[in-house]
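The hints should help you fit chain D onto chain G, whose structure is shown.
In case you want the letters, here they are:
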Amino acid sequence: MAPTPRPAPPRNAAQLPPLADASGVLAGTARHSASRIFALFLFSAASAAAAVALPAALGRTLDLLLEDAAGVERALVLCAVLVAAEVLFDALEALVGGATSARTTAWLRRCGADHLLSVAPHRAADRFTPGDLVTRLTGNAAEAGTAPTTAAIGLASVLVPVGGLICLALIDLWLVVVFLAGIPLLALLLRGFARGSSHSVSQYQRVQADIAGRLLEALGGARTVAAAGTAERELARVLAPLSELSAQGRRMWQVYGRASVGSGILVPLLTTMVLAVGGVRLAGGSLSVGDLLAASRYAALAAGLGAVVGQLNSLLRSRAAARRIADMLALPAVRHGGRPLPADGPGRVELRSVTVSRGGAPVLRGVDLVVPGGTTMAVVGRSGAGKSTLAAIAGRLADPDDGVVLLDGVPLTEADPSELRREVGYAFERPVLFGETVGAAIGFGQYEPTAGEIGASARAAGADTFVRLLPGGYAAPLTDAPLSGGELQRLGLARAFAHAGRLLILDDATSSLDSITELHVGRALVHDVRTGTRLLIAHRVSSAARADLVAWVEDGRVRAVGPHASLWEEPDYRAVFADTVRDTGGS
Amino acid sequence: MTGSRLLPQALRFLGRRKRVLLKLTGWSLLESAHTFLGGYGVAMALDRGFLAGRTGTGLAWLAVAALAVVIGGLATGGVFRGLADLVEPLRDGLVRRVVTRSLDEALAEPALAADSAVVSRLTNQTEIARDSFAGLVLVARSFVFTSVGALFGLAALSPALLVVVVPPLVTGLLLFLATLAPMAARQHDFLCADEALAAQFGSVAQGLRDVVACGAGAPMAARTHVLIEQEAKAARSLARWASARSLSLGVAGHLPVVLLLVAAPWLRRQGVTAGALLGALTYLTQALLPALHHLMSTLGAAGTRLLVVLGRLSRVPGPRLAVPSPAGTPERPAQAPAHPDVPRVELRAVTFAYGAAAQPVLRGLEVTIEPGEHLAVVGPSGIGKSTLTCLLAGLLEPDEGEVRLHGRPAHAQAGRGAAPSRLRVLIPQQAYVFTGSLYENLLYLCPDGAPRSAVEASSEAVGLGTLVHRLGGFDAQVEPAALSHGERQLIALARAHVSPAPLVILDEATCHLDPAAEARAEQAFAERPGTLIVVAHRISSARRADRILVLDGLTAACGSHQELIDRSPLYRDLVGRWHAEKN
Chain G
1 MAPTPRPAPP
11 RNAAQLPPLA
21 DASGVLAGTA
31 RHSASRIFAL
41 FLFSAASAAA
51 AVALPAALGR
61 TLDLLLEDAA
71 GVERALVLCA
81 VLVAAEVLFD
91 ALEALVGGAT
101 SARTTAWLRR
111 CGADHLLSVA
121 PHRAADRFTP
131 GDLVTRLTGN
141 AAEAGTAPTT
151 AAIGLASVLV
161 PVGGLICLAL
171 IDLWLVVVFL
181 AGIPLLALLL
191 RGFARGSSHS
201 VSQYQRVQAD
211 IAGRLLEALG
221 GARTVAAAGT
231 AERELARVLA
241 PLSELSAQGR
251 RMWQVYGRAS
261 VGSGILVPLL
271 TTMVLAVGGV
281 RLAGGSLSVG
291 DLLAASRYAA
301 LAAGLGAVVG
311 QLNSLLRSRA
321 AARRIADMLA
331 LPAVRHGGRP
341 LPADGPGRVE
351 LRSVTVSRGG
361 APVLRGVDLV
371 VPGGTTMAVV
381 GRSGAGKSTL
391 AAIAGRLADP
401 DDGVVLLDGV
411 PLTEADPSEL
421 RREVGYAFER
431 PVLFGETVGA
441 AIGFGQYEPT
451 AGEIGASARA
461 AGADTFVRLL
471 PGGYAAPLTD
481 APLSGGELQR
491 LGLARAFAHA
501 GRLLILDDAT
511 SSLDSITELH
521 VGRALVHDVR
531 TGTRLLIAHR
541 VSSAARADLV
551 AWVEDGRVRA
561 VGPHASLWEE
571 PDYRAVFADT
581 VRDTGGS
Chain D
588 MTGSRLLPQA
598 LRFLGRRKRV
608 LLKLTGWSLL
618 ESAHTFLGGY
628 GVAMALDRGF
638 LAGRTGTGLA
648 WLAVAALAVV
658 IGGLATGGVF
668 RGLADLVEPL
678 RDGLVRRVVT
688 RSLDEALAEP
698 ALAADSAVVS
708 RLTNQTEIAR
718 DSFAGLVLVA
728 RSFVFTSVGA
738 LFGLAALSPA
748 LLVVVVPPLV
758 TGLLLFLATL
768 APMAARQHDF
778 LCADEALAAQ
788 FGSVAQGLRD
798 VVACGAGAPM
808 AARTHVLIEQ
818 EAKAARSLAR
828 WASARSLSLG
838 VAGHLPVVLL
848 LVAAPWLRRQ
858 GVTAGALLGA
868 LTYLTQALLP
878 ALHHLMSTLG
888 AAGTRLLVVL
898 GRLSRVPGPR
908 LAVPSPAGTP
918 ERPAQAPAHP
928 DVPRVELRAV
938 TFAYGAAAQP
948 VLRGLEVTIE
958 PGEHLAVVGP
968 SGIGKSTLTC
978 LLAGLLEPDE
988 GEVRLHGRPA
998 HAQAGRGAAP
1008 SRLRVLIPQQ
1018 AYVFTGSLYE
1028 NLLYLCPDGA
1038 PRSAVEASSE
1048 AVGLGTLVHR
1058 LGGFDAQVEP
1068 AALSHGERQL
1078 IALARAHVSP
1088 APLVILDEAT
1098 CHLDPAAEAR
1108 AEQAFAERPG
1118 TLIVVAHRIS
1128 SARRADRILV
1138 LDGLTAACGS
1148 HQELIDRSPL
1158 YRDLVGRWHA
1168 EKN
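Respectively, the protein sequence lines represent chains G and D.
Quick note on numbering: the working numbering labels position 46 of the first sequence as 46, and the sequence is numbered without any gaps.
Every position in the second sequence, counted from 1, becomes a number in the working numbering once 587 is added.
Among the hints, erroneous ones may be present.
[Said to hold, decoys possible] With a straight-line Cα cutoff of 25 Å, these simulated SDA-like cross-link-like pairs (lysine to any residue) come out:
{"no.": "1", "chain 1": "D", "residue 1": "K605", "chain 2": "D", "residue 2": "E714"}
{"no.": "2", "chain 1": "D", "residue 1": "K820", "chain 2": "G", "residue 2": "S314"}
{"no.": "3", "chain 1": "D", "residue 1": "K605", "chain 2": "D", "residue 2": "E675"}
{"no.": "4", "chain 1": "D", "residue 1": "K820", "chain 2": "D", "residue 2": "P769"}
{"no.": "5", "chain 1": "D", "residue 1": "K820", "chain 2": "D", "residue 2": "A889"}
{"no.": "6", "chain 1": "D", "residue 1": "K605", "chain 2": "G", "residue 2": "E436"}
{"no.": "7", "chain 1": "D", "residue 1": "K610", "chain 2": "G", "residue 2": "R250"}
{"no.": "8", "chain 1": "D", "residue 1": "K605", "chain 2": "D", "residue 2": "N711"}
{"no.": "9", "chain 1": "D", "residue 1": "K610", "chain 2": "G", "residue 2": "R251"}
{"no.": "10", "chain 1": "D", "residue 1": "K605", "chain 2": "G", "residue 2": "S314"}
{"no.": "11", "chain 1": "D", "residue 1": "K820", "chain 2": "G", "residue 2": "E436"}
{"no.": "12", "chain 1": "D", "residue 1": "K610", "chain 2": "D", "residue 2": "P676"}
{"no.": "13", "chain 1": "D", "residue 1": "K820", "chain 2": "G", "residue 2": "R251"}
{"no.": "14", "chain 1": "D", "residue 1": "K610", "chain 2": "G", "residue 2": "M252"}
{"no.": "15", "chain 1": "D", "residue 1": "K610", "chain 2": "G", "residue 2": "A247"}
{"no.": "16", "chain 1": "D", "residue 1": "K820", "chain 2": "G", "residue 2": "S246"}
{"no.": "17", "chain 1": "D", "residue 1": "K605", "chain 2": "G", "residue 2": "G139"}
{"no.": "18", "chain 1": "D", "residue 1": "K610", "chain 2": "D", "residue 2": "L661"}
{"no.": "19", "chain 1": "D", "residue 1": "K610", "chain 2": "D", "residue 2": "F600"}
{"no.": "20", "chain 1": "D", "residue 1": "K820", "chain 2": "G", "residue 2": "L92"}
{"no.": "21", "chain 1": "D", "residue 1": "K605", "chain 2": "G", "residue 2": "S246"}
{"no.": "22", "chain 1": "D", "residue 1": "K820", "chain 2": "G", "residue 2": "F41"}
{"no.": "23", "chain 1": "D", "residue 1": "K605", "chain 2": "G", "residue 2": "R250"}
{"no.": "24", "chain 1": "D", "residue 1": "K820", "chain 2": "D", "residue 2": "A783"}
{"no.": "25", "chain 1": "D", "residue 1": "K605", "chain 2": "D", "residue 2": "A783"}
{"no.": "26", "chain 1": "D", "residue 1": "K610", "chain 2": "G", "residue 2": "S260"}
If you are wondering where the hints come from, they were derived from the structure by calculation, not from laboratory data.
If we strip away everything but chain G, and leave its shape as in the complex, we get (with noise of 0.2 Å):
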């Protein structure tokens, strides 16, 4: 009976079955689980049998006691038998349909996971922020697991109402003529219970919106209140609508208890009056005892259709939660070649003819772009220019609308991926670091290297000073360590230092670095680091003027490309510098 254990899932998402709407992921998850969900099934549906079967085995026990007729102890172990099998098949029920929406999850979250890895970052950042894609892969991602255990236990509960509405006529058809005229009835009296919910709900989210919002705006303006010494004021700014809250709080249980007056009375009532007809049928010598308790049983089971209709707004959920799902999964994953780079590059990179667009407009417009072999490249330009969406393109996280990126001769969409990414490095104006400490976050990569070649990264980085000040040095944990926007960029560089193949691209990656450090880490990317071609975006002076090349980038284009010193006669140029006195282009 028990589904045979498999080998691991498919973990590659490209391989899977198209999973791009919510139709398709729903069947995914089914046909993942098939044999579980189908086990479920059957589980449930014998507890639901069990349930219809036993209110008559017990009316008829009953009525055999009451009579002192023989047969009374076969009837007596048929309702134990029932009783167990109930009980016992709810426990599995329980059992395997927890375990199997716990499996499904995992492998929603495995395929999502699996796949925002395998994009490009830029086309996951553009359409969903960090904190929706954590929603869609751990809130939504586990209510879209559950969707095939809620339909086979929804399918298999169906079950009950139905049969206890058959069994109800079986016992006497006016009981059920009773049951069905009640429903409408009681509804029609009990309508005026449930109103106004939604508004008071509504109501209660914007009161609770507005304190959320003015708490961002009191937290956002944290300097000016601790400068100011307004904390106390600001507090009670922000709590003002508490007692609104409150108010509209207090409204919703109202609303929320009218409505359970509704629910709770329906039930009774109506098995109330089956009993009442049943109870003159009985009178009358068309029914027993055992019948009479047999009937309110199945009246209470019919009446739990309702249930059945939470499962169905619960599956709804779940669809709703599998669309999202599907909208990640719908992004385009990069696609790969296997071709080698030569052996022994120099690192040689060429964009031909190579256009952009972000949202619409252009960013890089046909640019032409050689960066020979082993030299430093500096690329500059005003903000906006283009000059993050070329670092980005010349080493393939993001693939170009049009044109060609080769490395040392090979296109970079035909190149090998895990030889890709092992000869181009990059380093980040912010890098985001990953790791338990700070030396795993330099390690931090495809490969791990030594701690030798760690320490070494971080003394080019300019990093190992402040790393070894830490309480553990490279040890520190991560999160523990109190990191300056210099000291992140450093660690990025370390980290960028300590996996550097033949390429390294440096996109503003020392902009918040004292002058000193900036020209100690600038002659080390000369001199220490084992790299072929440097491709780093600049602002300052002083780097372009270090640089054997510079690529001035202006609107998308490159205006030209040429040593510092002779780009500098042209007044254009000079001011491409004179815009800031910090290094960053504004936030």
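Frame of chain G, contents of chain D only:
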């Protein structure tokens, strides 16, 4: 565990609400009566009515039972009112706590500005606490009063029924109680695994670019898969316990039904009638079983969720608050310093580091800013310019050396309640504008208020006039989200301009203005009497100052534009004059 820490708080909370609890009990007793009559009415209807051939009496007893249903239902209204009196104050307290704590934390470390986790705590987690608490109260209360009604009913029909029903009921409940602690532990494990997983997803989502750039997709995926599997494992373990729980429901709820039938011959000999048997079975199946079912499914999950969330929301603030904050420092707030005169600002060998182990941001900084002087501060980002403004404003205390205003330490003059705005104002890059009238916003830094004409004059001077007109005058409501960064900065600038402070510190407070608007605003401050310190965003802004301070890591240089061109390589770099020096 969190439970032991929360218990005294919970008892105090309930102790203050004895009247509410009493009212809740009163309404709930009506529910007991409804349960009681539900079974008793059926028994009587059968024995005295239908079985005795008196149909009318039978129907009358059923009518009584139906009436009890209606009255019991109406009592629900009262129950929910009592529930609101219990649950709403809890939520109020949690909201107050979250707001106070996050404000405290933000003020202690403004650099770690607003994160969305606060919103989750404020909306999501307080709601989880509210809903779980309400669910617990409702279900536990309903179980207790339903059981009371049912047990009284059984006793009224025949005490012998209790002998059959009570032992399995108690055994099942004990079994359930025994599963409660391990179940809560599994639930806790599950929540922890869930959070670890969410954190991992968060770092993947946030650092996707870095993961891809490092070629670390495969190890990252492997690590994520491990955490996904751990969460699934915790979920499976929970499912096992849920399954065990349904067995205890079987013992407490289903077993008495079978036992009642097995014992029926003996009960009949004890004088239990057919109606009483039917009534007893009604109690068991219509009242006790559903109440038990609700109790068991709610207590495990909601109870643990409530414990975890309450534990998190009421967590003692971490060491972060130990950072010297202006709110906590001066024991006795100094008299509001009545210095109408313009201060001399002196930095004497100032060294400052964030934390003992961290590298100093400033070391041995020596500068004197004369009364009425206009100083610009420049340097690369992250080099310590904002830290310097915090030291000047007295929000931070130097580790070594002194920052003096009027010859007294700046730090001692910035306490809460001392209205520091009479002494100096600091306008950061992130302009603070709150939802309220424009006038309220502009008077934010005037502890003693200001005449309308002064507000108008300052607004005009910094170039806010157009915005005032567009918004519809000073009494118009301001929606911060509807304003551009530049417009918010103009409001903050006008607010600083109209304040009585003789020292104004602008920390890139004009970075979102265009050069012409920036020039106009700075001109307005230059003409305003007092000392002006500007952390400059553009070189044009620096050149308007009397002197310029260049921060470059641990070194600093101060002088006029020409002096610095000659002396400071960084300054040359920043103003784009590298080339001139190179040849």
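Sort out which numbered hints this structure fails and list those numbers smallest first. 6, 8, 10, 13, 16, 17, 25
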